[in-house]
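Same order as they appear, the protein sequences are chains C and S. At position 125 of the first sequence (counting the first as 1) the number is 125 in the numbering used here, and the numbers step up by one without a gap. At position 270 of the second sequence (counting the first as 1) the number is 1270 in the numbering used here, and the numbers step up by one without a gap.
A few of these clues could be false.
[To be verified] Which bits of chain S does chain C cover? Going by a derived footprint, with three or more residues having C-beta under 8 Å, they are:
id : stretch
1  : 1374-1388
2  : 1392-1403
3  : 1407-1417
4  : 1466-1474
[What the hints assert, rightly or not] Derived BS3-like pairs (lysine-lysine); straight-line CA-CA distance at most 27 Å:
id : chain 1 : residue 1 : chain 2 : residue 2
5  : S       : K1367     : S       : K1350
6  : S       : K1318     : C       : K203
7  : S       : K1367     : C       : K29
8  : C       : K455      : C       : K363
9  : S       : K1032     : S       : K1350
10 : S       : K1156     : S       : K1354
11 : C       : K304      : C       : K370
12 : S       : K1350     : S       : K1156
13 : C       : K30       : S       : K1367
14 : C       : K441      : C       : K363
15 : C       : K370      : C       : K456
16 : S       : K1293     : C       : K169
Just so you know, these hints were derived from the structure itself, not from any lab. We treat Cβ as the ideally placed atom computed from N, Cα and C, and that holds for glycine.
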Amino acid sequence: MDFIFQPLTLLTFFPLLGVLVLLFVPSDKKNILRWVALITTLITFGISIWVLTLFNASNPDLQLVAKYDWITVAGWNIQYHLGVDGLSILLVLLTTFLTPISILSTWTAVEERVKDFMLFFLLLEVGMIGVFLAQDLFLFYIFWEFTLVPMYFLIGIWGGPRRIYAAIKFFLYTMAGSILMLLAILWLGIYQGTFSVPDLIAKGGIDPHTQLWLFIAFAAAFAIKVPMWPLHSWLPDAHVEAPTAGSVILAGVLLKMGTYGFLRFNLTLFPQAALQAAPTLAVLAVIGIIYGAAVSYAQTDIKKLVAYSSVSHLGFVMLGLFALNPLGISGAILQMINHGLSTGALFLLVGMVYEQTHTREFKVYGGLWKVMPIFGTIMLIVSLSSMGLPGLNGFVGEFTILLGAWGAGLKGGSYGSFWYAGLAALGVIMAAVYILYMFQKIFMGPEGSIVEEVKKRGHALRDLNAREIVTVVPLLIFIFWIGLYPAPFFHLMAPAVAKLVAGLQTAATAMR
Amino acid sequence: MPPVNFSLILPLLTLTIWACLLLLVDLLVKRKEITALLAALGLAISLGMTISQIGSSGTGFNNMVVLDGFSIFVDALLLVTGLFSVAVAHGYIKRMGIERGEYYTLLLFSVAGMMLMAQAADLIIVFLALEMLSIPLYVLSAFARPNTDSEEAGMKYFLLGAFSTGFVVYGIALVFGATGSTSLSAIMSAASSGTSNVLLLTIGSALILVGLSFKVAAVPFHMWTPDVYQGAPSSVTAFMAAGAKIAGFAALLRVFALAFPSLAGNLTPVLAVISALTMIVGNVIAIAQTNIKRLLAYSSIAHAGYILMAFVPYGQAKVVSTSVAAGLFYLVSYVLTNFGAWAVVIALEKSEGKGLEISDYGGLGRKYPALAAAMTVFMLSLTGIPPTLGFVGKFYLFRAAIQGQFYLLAVIGVLTSLISAYYYLRVVVTMYMREGDPEAANEPWLNITWGLAALLTVIVSLVPQFLFAWANAAVLKLF
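Build the full structure now, drawing on both the sequences and the hints.
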C-alpha cells in the first residue's frame, strides 16, 4: 500500500476523495457541494506546493518518482509510473492553481445540477494532473483520454446554446488525434519492449524513417489539442459554448496538454524526426500566430475573440518549442504558464460580466469604465499582459521565444532564419490591435445600450464583488510576479531544458 | 471401443441433463420464478465444475472432444453469459407477458451447444454444436409470438441460419474430401505434409469461414443481424449477441488456428478484407440508427470486426497466441459491456416495443442517475475510452494487429472507433443533455446485472493483469 503515500500519487488522486464525499452530499445542498469541491481543490493545491518544496530545481531528471509494476503479464510491460521534472512542475502547479479559482468562479454562475458539475470538475482535475505526471505511455494515454469525458459533460450540460454540437465536436476532434497516437504507443510498446518514457529515451535507436511516422502520429494528437493551425476549428466552438469555468480550464490547462505532449514526447522520443519536422512546425506556428490574431480582430463576440487569441498565443509556444534551443524552449514553457494565467483571467472576467448582462456582443457594450471601475482596471491589466506589455508576464515569455526563434536551429540540424522571429513579432503588434480594440469597445466611448438593458431588468450593472475580486487577484499576483522577476520560474526549468536540448544535440550530431 | 472420458465434458453433460430435467420440473411448478432459479442453479453448478477443471486437459471420444485452457476459459465465459441472461430475462419476460418455462430450458440447451463448440476437436462436432446452439436460438427469437416482429425474427434467423449451416456442412465435406478426415489434428498434418488437395482444402475452409461469419455477423454475412436483434425479445437478443458470438469465435479460433495454419497465405487477405469491411460497415450504418436495439445490433457487427482484426495474423507463429488471448480478453470485455447495455435497454423497454428509440432516453441522467451513469460507462467502453474494459480490450486487439504488421488494418480499426464514438455519444447526449421523462423498470436482478457490469467494466480495466494472465494461459492445446 505504500504506493498511495507517495507525494505524486497523493497529488494526482486526492480530488477523488472529494468525489467520494460529494457522492454522499444530497444534491440540493448546493453550498455544501461547492465548499467540498473548493476545499478539495485547495488541499490539492496545498499538496502541489508541498511537492514543490520537495522538488530539487538543480536536478534535471525525474523526481519524486513513484514506480510500480502494474501489468507485467502476457508480454505486457506496463508500469504505474509518475514523476515530475523541470518540464512539468510548473504545469502541475498551474493546474492545481487554476482549478480552485475556476470552482470559485462558478459560485453563482452554476445553479443547475451543481453536484454533477463539481463531480466532473474534480474528475477532470485528476485527469489533468495525471497527464502531466505520468511517465508511462499507457498510463499517460489513460489520463489523456479520460480528460475528454468530464470536459465533454461540462460543455454539453452547462454550456451555451450550441453546447451539444460543441461538446461532440470537441470530443471527436480530440479523439481523432489521440487514437493515432495510441497506435504509435502500441508500436513502441511492442517493438521497443517498454512503455516507460525514460526507458524509451535511453533505448532510442529507432530508425529515422520510422521515427518520422511515430512523430507524426504523436503530433496528430498534440497538434489538435494545442490547437495548431489548421486543426483549430474545434477550439472556438468549445471555448465559446463552455461555461466560464470550463473555458478557463480548457484554455488554461487542456491546451497546454498538447504543447506539453510535444515537449515531453515528440522532442525526446523522436529527436531526429523532431529536427526534420521543426521547420514545418515552425511555419505552421507562425501561420497560427498571424491567422489567430487576424481572426481575433474580426470577431463580434468577446469570448470568441479571446478564444481565437489562444490560437495566436499558442503559436508562440509552438514556435518556441521548435526553435529547439534552450531559450526557445524555456520561453515556451513560461509562455504556457502565462497563457494559462492571462487567458484564464480574461475568460473569468468575461464570464463575470456575462453573468450580469447575458450577452457578449461588442456592439451593446461601451463606456463601462465609469460603471465598473474595478472591473475595468483588472481587465486593463490582464489585457496588457495578454498583449505582451513589458513589466507583465506575457512580455517575458514572448520575448524569450522570439530570441530563441531568431537564433533557432541546432548546429547542423535545422533551420535558422530571422524570418520566423520577424513574422511572429508581427503577431505581437496585431495582438495589441485586437486587444486594445476589445478594451476600447467595452470600456471607452459612450455608454452602451447594455447598461440601460440591465437596468430595465430591475437591477443596475454592479462592479465586481468581493468573491469575484478574490477569484482574480491570485492571477494578477502572478501576472506581475512573472513580469517583474521571472528568474525563479526559469530557474525551476533550466536544468531539465538543458538536458532536453543536449539530447537533441546528440541526435543532430548523429544525423550528420 | 473408442476411449470414452466423461470427465472431459462433465459441465456440459450436467447442463444438458439439467435442462432435460428442468423441462419436466417446469410442468410441476406453477411459479416460473422457481424455474428461473433452478436454471440459474444449473448454470452455477456447471460453472463450478468448469472452474474445478482449471489446469486439466485432455482429449476424448476418439479425439473428437478436447479439454484445454482455451475451452475452460470459453466455457466459463459462456456460463457467466447464461447466468446474466437468466438474470435479465426473469423480470423482462414476465413484464412482456411471455413468461413460459421453456424459455430457460431452451437457454440452457443453447449454452450447452455453445460449450460443445468450444470443446470441439472435430469438424463433425463443430457442426453438431452449431445446430445445438442455433435451434434453441431460433425458437427463442420467435418467443414473443404472436408478436409478428418476433416471429419474423425467428423465421429470418432460422432461414439464414440454416443456409449458413449448409455452407459449413459443404465446407466440411470438401475438407474431408481433401484430407480424408474431419479431425482437426488429422487435417493439420495432412495439410502440412502436402498429402492433401490444396484447392479443395482452401475452398472447404473458405466455406467454413463463410458459415461461421454468419454466426458472428461479419460483413457481408451480417444482413440478418439488425432485423433479428430488433425483432427478438431483448433478453434473447442480449444472450444471442454475447453467446452466439463467443461460440462462433471459439470455433473460428480453434478450427483455423489448429487445422488451417498452412492456408494462412490464402486466407489472411480474405480475413483482412472481411474484418475491415465489418468494422467499416457496422460502424457507418450504426450512425443512421434511431432505434437503440438496431444501434446495438450494428455495434455488435462492428465489434465482430475488431475481434477478426486481431485474428487476421493467425498464421504467424509469433502472433497467434496474442491473437487468441486478445480475442478471448475482448470477448470478456464485450460480454460485460454488451450485457450491461442490453440490461439498460431491457430496463427501459415497455410493452409493444415502446421505449426503444434513442430519444426515449432523454432525461435519464436526471431521473435515474445511476442507470444513466452505468449506460455512460457501457457506451464509453464500447467506444474504447479509458478507464473502461473496452479500451483495454481494444488495446490488446490492436497489439495483435500491429505485431502482425497489419498497420493499415489497425488504422482502419482506430478510425472506425472514432466513427463509433459519434453514435455512442449520441446516446450519452440524449441521456444527459436532452429533456424527457423516461420510466425504468426496477427489478432487482436486472439492477444487479447492469450495476455489476458497470462496476466490473471500470474496475477490471484498472487491474486487468489477472484477466490478461488467464486469457494468455488459455492457449489452444496442440495435439
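Hints, one by one, checked against the model:
{"no.": "1", "hint": "1374-1388", "in the structure": "holds (count 4)"}
{"no.": "2", "hint": "1392-1403", "in the structure": "holds (count 5)"}
{"no.": "3", "hint": "1407-1417", "in the structure": "holds (count 6)"}
{"no.": "4", "hint": "1466-1474", "in the structure": "holds (count 4)"}
{"no.": "5", "hint": "S:K1367 to S:K1350", "in the structure": "holds (17 Å)"}
{"no.": "6", "hint": "S:K1318 to C:K203", "in the structure": "holds (23 Å)"}
{"no.": "7", "hint": "S:K1367 to C:K29", "in the structure": "holds (18 Å)"}
{"no.": "8", "hint": "C:K455 to C:K363", "in the structure": "holds (17 Å)"}
{"no.": "9", "hint": "S:K1032 to S:K1350", "in the structure": "holds (21 Å)"}
{"no.": "10", "hint": "S:K1156 to S:K1354", "in the structure": "holds (22 Å)"}
{"no.": "11", "hint": "C:K304 to C:K370", "in the structure": "holds (25 Å)"}
{"no.": "12", "hint": "S:K1350 to S:K1156", "in the structure": "holds (24 Å)"}
{"no.": "13", "hint": "C:K30 to S:K1367", "in the structure": "holds (18 Å)"}
{"no.": "14", "hint": "C:K441 to C:K363", "in the structure": "holds (8 Å)"}
{"no.": "15", "hint": "C:K370 to C:K456", "in the structure": "holds (19 Å)"}
{"no.": "16", "hint": "S:K1293 to C:K169", "in the structure": "holds (25 Å)"}
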